[in-house]
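**Student:** Each chain, written out:
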Amino acid sequence: MNAIPAELLHIVIGLVAVAASVGLIGLVMVWVERKVAGHIQRRPGPFEVGPSGVLQPLCDALKLVGKQLFMPLGADPILFWLAPVLAFLPVLLLFLPLPVGDGLQALDVNLGLLLILAFSGLAVLSVLLAGWASNNKYGLLGAARGVAQSVAYEIPLLLSVLSVSFVAGSLNLATVVEGQGTWPWNWNIMTQPLAFLIYFVSAFGETNRAPFDLPEAESELTAGFHTEYSGMGFGLFFLAEYANMVVVCAVATALFLGGWHGPVLPGPVWFVLKVSSLMLLMVFARWTFPRVRFDQLLNINWKWLLPLAVANLLLTAFFVKLAQFA
Amino acid sequence: MEDMAKIAFGLYTLIILGGSVLAVGAKSLVRAMVGLIATLLGVAGMYMLLNSPFMALMQILIYVGAISVLIFFAIMLTRADAGGEEAESAPLRQNLLSLLAVLSVGGILGWLVLTRPLATTGVPVEVSIEKLGLGLLGPYGLAFELISVVLLVSMAGAVLLAWERRNGK
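These protein sequences, in sequence, are chains Y and A.
In this note's numbering, each residue's number is its place in the first sequence (first place is 1) plus 921.
In this note's numbering, each residue's number is its place in the second sequence (first place is 1) plus 19.
Source of the hints: derived by calculation from the structure; they are not laboratory data.
Treat each hint with caution, since some may be false.
Result set (DSSO-like, lysine-lysine): computed pairs, CA atoms no more than 27 angstroms apart in a straight line [claimed, not checked]: (1) K1058/Y to K988/Y; (2) K1242/Y to K150/A; (3) K1058/Y to K46/A.
Given the sequences, and given the hints that come with them, work out the whole structure.
**Tutor:** Listed below in structure tokens is the structure:
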């Protein structure tokens, strides 16, 4: 009875690995984003610190940690500091059910996909609390946009994910991956191209990434919901954004792009490669497309993504039932 | 493991009670909503303890992720800051009536639980989603459809309330 249960040990090791990799991914992504932005805008990006400026994010992180934490006058102290913590903590949980390789999963649960979807909803709450508690007009406006946007984009996201799990017959990400083959034409993206498109577009909306980054649109709202956060208060929001991006891309990889499957190279390498290329795509999109207007953002969702996702789900259900009879 | 389950039960009970006290007692509406969210999360934990992770995750997905967010949106439209009209405490009569309302529901439920205890199993059995889905569309179909009627009634009620307010102005 005194021995530590193996499952608990499994989860603790997984959590430590996740926490370490989230920090590392944050640093790498900051560098990648600044380099890509630089080259797209025909300038070199960071290049002073280290070769090609790779050590720049490390210096930025040190600076952020060292900065003083301010709180605006009239802000709600508890809610103000609860928000960044609430933004960051659930993200660590989201990594647990991700299948990086065959059997390489921190938490093997039947409802892995549902767990990710459920706890990613807490991110909206942190945006809301941050915007409200800051006692700042821009913060409040950013929060109001955050609500309207995330409530809207969650629906097509859920529907597109659901159509894939209809085909796979499971909510366990590992099972969905096992149902796909080695080569690209065996992946779910071949049978569900529309669902992938809807998922990826909604993912931009859910992670508040440009061109859908209206809750923090810097040209209109200074920094939106995190205007008043200094130092690591801002740092946590920032880290959570990148971590959310990784989760969204990893789920897309597992659902649509065959997960760890791929020729020659070992599974985890393929998984990391696919996730990184999706993330690079998101970074490219941010620096290529201008930010949409808010009514356009909602119109894309309610008039296009939602009806398409519903139609896709109905068609999928129809064919799944047909396959059962055949 | 049984001890751990008891500790978890105690922890969730504390979260639920603390959250609901905050939800009822807080002056700021936003803080009250944070209390409500804590309560909902605690209830999700209870579902987890009852070995029904699907219910727990649905509780978080729907109540914490969607409904609380919508409530927040409604709060934003009110003057809910510390000096606003929503922060004033309710009159005594209203407090007494609300106490009566709580006691009537709580009393009936408590009386039922105490006098007609259900036969319980020691270890909860997990019901698979497949079974749950078949049950909802098969033997419990009528109850399932009735829930949607309840939702429809509440939606119509909300529209009616908003309509009256606008006419009064």
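**Student:** List, from low to high, the hint numbers that the structure doesn't satisfy.
**Tutor:** Checked against the structure, no hint fails, so every one of them is satisfied.
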